[in-house]
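> These are the residues of each chain, in order.
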Amino acid sequence: MSVQDPRVTASFLNELLFPMTEPTPEQIKAEQVYLKMGLTPAEYEDVVQRLGRLPNLTETGIFGVMWSEHCSYKNSRPLLGRFPTEGPHVLQGPGEGAGVVDIGDGWAVVFKVESHNHPSAVEPHQGAATGVGGILRDIFSMGARPVAILNSLRFGPLQGDPRSTRTRYLLNHVVGGIAGYGNCIGVPTVGGEVDFHPSYSGNPLVNAMGVGLVRHDRIQHGRASGVGNPVIYVGAATGRDGIHGATFASEELNDESESKRPSVQVGDPFMGKLLLEACLECYETGALLAVQDMGAAGLTCSSTEMGYKGQLGMELNLDDVPQRAENMSTYEIMLSESQERMLFVAHPGREPEVFAICEKWGVPAKTVGHVIADPVLRLRHHGEAVAEVPLEEVCGNTPLYRRDSRKPQAAEERQQEPAVQWDQPSELRMVFRSLLQRPELASKAWVYRQYDSMVRTCTEVGPGSDAAVIRVEGTNKALAMSIDGNSRYVFLDPLIGGRTAVAECARNVVCAGARPLALTNGLNFGSPEKPEIFWQLEQAVTGMSEACAALKLPVTGGNVSLYNETEGAPILPTPMIGVVGLVEDLSQVTSQFFQQAGDTLMLVGKTHEELGGSAYQELMLGRLTGKPPELDLDTERALQEGLLEAIQHGWLRSAHDLSHGGLGLALLTCSTESLGVNVSWQTALRPDLALFSETQSRLLLSLAPEHLHEVEAIFRKHGLFCEPIGTVAEASFRVEVRDQLVLDESLSDLRRLWQEALAEQLEA
Amino acid sequence: MMKGMVTVMLKQDVLDVQGQAIQHSLHALGFEQAQKVRIGKSIEVELEASTPEEAQAQLKAMCEKLLVNDVIEDYTLQVQEA
Amino acid sequence: MMKGMVTVMLKQDVLDVQGQAIQHSLHALGFEQAQKVRIGKSIEVELEASTPEEAQAQLKAMCEKLLVNDVIEDYTLQVQEA
Amino acid sequence: MARTIRCAVLVFPGSNCDSDLFKAAAAFPEFAPEFVWHTTDSLDGFELVLVPGGFSYGDYLRVGAVAARSPVVRALQKVAAEGVRVLGICNGFQILTEAGLLPGTLLHNTSLKFVCETTPLEVGNAQTAFSSAYTAGQVVQVPVAHGEGNYFCDPQTLEQLEANGQVVFRYAAGRNPNGSLNRIAGICNEAGNVLGMMPHPERAMAPWMGSADGHALFASLRDALLAPA
Ligand SMILES: Nc1ncnc2c1ncn2[C@@H]1O[C@H](COP(=O)(O)OP(=O)(O)O)[C@@H](O)[C@H]1O
Ligand SMILES: [Mg+2]
Chain A
1 MSVQDPRVTA SFLNELLFPM TEPTPEQIKA EQVYLKMGLT PAEYEDVVQR
51 LGRLPNLTET GIFGVMWSEH CSYKNSRPLL GRFPTEGPHV LQGPGEGAGV
101 VDIGDGWAVV FKVESHNHPS AVEPHQGAAT GVGGILRDIF SMGARPVAIL
151 NSLRFGPLQG DPRSTRTRYL LNHVVGGIAG YGNCIGVPTV GGEVDFHPSY
201 SGNPLVNAMG VGLVRHDRIQ HGRASGVGNP VIYVGAATGR DGIHGATFAS
251 EELNDESESK RPSVQVGDPF MGKLLLEACL ECYETGALLA VQDMGAAGLT
301 CSSTEMGYKG QLGMELNLDD VPQRAENMST YEIMLSESQE RMLFVAHPGR
351 EPEVFAICEK WGVPAKTVGH VIADPVLRLR HHGEAVAEVP LEEVCGNTPL
401 YRRDSRKPQA AEERQQEPAV QWDQPSELRM VFRSLLQRPE LASKAWVYRQ
451 YDSMVRTCTE VGPGSDAAVI RVEGTNKALA MSIDGNSRYV FLDPLIGGRT
501 AVAECARNVV CAGARPLALT NGLNFGSPEK PEIFWQLEQA VTGMSEACAA
551 LKLPVTGGNV SLYNETEGAP ILPTPMIGVV GLVEDLSQVT SQFFQQAGDT
601 LMLVGKTHEE LGGSAYQELM LGRLTGKPPE LDLDTERALQ EGLLEAIQHG
651 WLRSAHDLSH GGLGLALLTC STESLGVNVS WQTALRPDLA LFSETQSRLL
701 LSLAPEHLHE VEAIFRKHGL FCEPIGTVAE ASFRVEVRDQ LVLDESLSDL
751 RRLWQEALAE QLEA
Chain B
1001 MMKGMVTVML KQDVLDVQGQ AIQHSLHALG FEQAQKVRIG KSIEVELEAS
1051 TPEEAQAQLK AMCEKLLVND VIEDYTLQVQ EA
Chain C
2001 MMKGMVTVML KQDVLDVQGQ AIQHSLHALG FEQAQKVRIG KSIEVELEAS
2051 TPEEAQAQLK AMCEKLLVND VIEDYTLQVQ EA
Chain D
3001 MARTIRCAVL VFPGSNCDSD LFKAAAAFPE FAPEFVWHTT DSLDGFELVL
3051 VPGGFSYGDY LRVGAVAARS PVVRALQKVA AEGVRVLGIC NGFQILTEAG
3101 LLPGTLLHNT SLKFVCETTP LEVGNAQTAF SSAYTAGQVV QVPVAHGEGN
3151 YFCDPQTLEQ LEANGQVVFR YAAGRNPNGS LNRIAGICNE AGNVLGMMPH
3201 PERAMAPWMG SADGHALFAS LRDALLAPA
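Residue numbers (the numbering used here), protein chains in the order written: chain A, 1 to 764; chain B, 1001 to 1082; chain C, 2001 to 2082; chain D, 3001 to 3229.
If you are wondering where the hints come from, they were derived from the structure by calculation, not from laboratory data. You may find that some hints are simply not true.
[What the hints assert, rightly or not] Listed next, the stretches of chain B that the computed footprint assigns to chain C, with coverage defined by at least 3 CB atoms under 8 Å from CB atoms of chain C: (1) 1029-1041; (2) 1045-1054; (3) 1068-1074.
[Claimed, not checked] If you only want the chain C side, here are some residues facing chain D, beta carbon under 7 Å, derived: (4) Val2017; (5) Ala2021; (6) Val2071; (7) Thr2076; (8) Leu2077.
This structure is a prediction, so every number in the text was calculated from the model and none was measured. The beta carbon of each residue, even a glycine, is placed where N, CA and C say it ideally should be.
This is chain A alone, in the form it adopts within the complex (with noise of 0.2 Å):
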């Protein structure tokens, strides 16, 4: 977890170069020395206000992260409150590290998307690394055993952009990264998304989802409680990571002040898995009152949160926190952004039980403060009282933007542009093979090989169908999760955009099975305080939110990262929608892939001609116009519930949602090595239109035919169309639309197109 503003964040107080003695409050005020920490000058005044006098730098440090967006959501805010945030099962929604959702047997889910975009555009590999090190920090501290990851990254085109060749090798570093961190700790990464578009050249986005497993009887919260009760310091020595050293002398970051740049965080994944078994084992003893990752903004965001939350506050000796660099200041202790750590509040005279624990895994702990009455984070240094911060001013009341929103006249118009402007291409056979090339639709298997997806040996279904699913230990159950969100519906028209995202990732539970319970978010924009972003995010969150209130889906946790832009140029505003479900037997675990020749394939819901930001679109046009699919609430939510009905007769075989790419794309991407199609599809539409449309609320199902009548009967009862389009077919990939042969191609071929163009781009 890191902060994301690039201008707004701990991280980047690495800009923060001071001289070698720290500056004065009356220095900070008059050199303005808190632009630096991402406070503007009314923030800043705003602080010496509610202070009744000037801040010194570590408490100006403070006020500066806390107040950051990733800390207060400032311009945020007003917009999450639109979410649906509570539901039957939910046990704990948005406020601590991640949500809670009640599965029954007395266990509960964990789950939640956290983002690191700026760090990973710096440092690829540790950026990522420090990512997943960070959400699965988020989990466990919920108490709860991380079960899987999940990630969801952006980046530019491999080839032919100017910045392709960092694009490569930041791809290249992030996949390792991730693969490092989650691999070494022991938590499969079992599914995600990458997707590629020129606006995330200088701007990629590295975000991950952790879920994890606990039994209600151990969930733990970051709320401090009983004065006078032992602040324990748990997990690795506090370095200088994230934050520039006092003692580089005052320059401005540029080409040859390269070796003086800050220092990366660097992930540990091996402390990691020391630090994740030594917390689950002090968790069984009950000994803890209180626990809260240390992520963003360390030691400072852990400690003031934990004594708000509990309406206390936290007296911290500074000479016992654990360090690793030699005289580090108090402002660096406090804003260190160091992996690894955890802070804890136990019941007084405890602590030889936590300590034993740490011990036994070799992981440092030791007491470094303790609750107070007084509501502020006090801080002692040397011997000497050095801070004094109150919490409802760091915390509580923390401002709040109300930023201007405007449709940009340029989304009118590229609204009103048709989406289609071409004839049908002659060879559609080539345009397939074009299309399944694409990086964003090929195979992401160079990816997800990468990642081990199986360890703990609860993985039902891995990577490569819509939706992982993870078998509950000790139950009969498991959980089926997806994250996904296509941006390019979002830029043609947030509104939409925002409700077919939510949709799509709801859809890909069900189609594995199981009942979505609850979701998370990412949400990545650029800066919000040029109304057209704020519009984009306005817009989007109120598609999204509509659709959660419709699909009766709360809003469990999430994460803000704004400021995503390049030289001015924003991202495709990405909301990344992340879902959890349940599959209640595990009989009924279904994935996308063919099971058997002479199935009947069955398409679900109407096409229609929608191409606007569409995969077809793009590689014909090279750009995105028109308005994207429309989405109907009502249609989506019967769709889920004729699905579910249908998977839980045992009457499919496979189900798949279309998305990106279409029915063409999705017969192929259900198609085994074995397993293809013939398919006669009957259809008003252009053929190349309907094979490539993105009609959203449709589904691609194999079923026995002896099945067919009660399936279409489901579907009818639910006021769906369906209708039988083909059979599973042994090595074929055969496609008939309105009488003309369209595609007639050897499945081996297409599959090894499909399967080898990711790392050809790659490594060409």
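Given the structure of chain A, go ahead and fit chains B, C and D with the ligands onto it with the hints provided.
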């Protein structure tokens, strides 16, 4: 023919997870006198170059382009005739 | 205080996968003059020892016990006062 | 019921397939698995020792190197010499080679990338205590998941391994995931009581996992251990 040796170490303030772990293991094996351990890479490159200066310059370019990740690493160079 | 530097390289006849890959990449970047690349480890150890000889002996023991796998690796030692 | 077999599942800091291996053994009523912590200095009384996969001690310096010098591995060297059956999987295999219980070493995959996928293996020798429930030449599906599984040894050792039938598992032709010499996936020692393999039979115990072909390995061990001496 010249032989270059590049020694790549993590920058001072960057956490050296391997070094830390190995220091621990050395202590466990009874080598208490090991105070600080840092682990880096040695890269030996045989080069066609006519002078040591030329080899040095080439190596430097290789370090900058590929061998060293200057966000987290520093390096030193040595060249000798092979 | 002494500072020891252990350089560990794969034995000549052991396949150096990393070295080969780096050589490949160097060629792809236009550094055709790189003839042979081998990748090893540099291990820097700060030691409490009163003489360089003592430090050398200690380091040697560490190499034999842990730092080096003599089935596949060779090593060289250097000691200097720190 | 027949007597039970006491088996140790070693746990190092950083092991992460220990529970999986435990579950695989526990699937047989005849096995009584127990976790054994790395600081333990005796393995006396165990008839089978399972060395799990993972990243022992972070796999820093060299994979398996630090674990191979831990107290429990010293105890393992002792019982292995006495003929106790030892199975090392993935990181367990790497530890066994570092500890000198098996010849050769495991280098970086030639791709220099971690690889996780179900891989076809040929059974090279179906007459060992680890493979008697397979037939020679049988092709089985077992997942691999490693970054350093590229088996390497000197030519004489390789010759001996082949001549003695010590290559128990081999990757199927054309499906070598890591560049191993002679497509070696798993080898045993000369005495036949120690086996190391990169693929994970404990991840192939039931059809829902994608393959049940690992089951026979544990069944072989059970049969060997329960056979009248
Ligand atoms: N970064 C990744 N990590 C793990 N799995 C991935 C990743 N990217 C894609 N996948 C897997 O590849 C499959 C296809 O993904 P995607 O192209 O997004 O499919 P769809 O459009 O059907 O949602 C999914 O099973 C997904 O989990
Ligand atoms: Mg999908």
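> So which of those numbered hints doesn't the model satisfy?
Those not satisfied are hints 3, 7 and 8.
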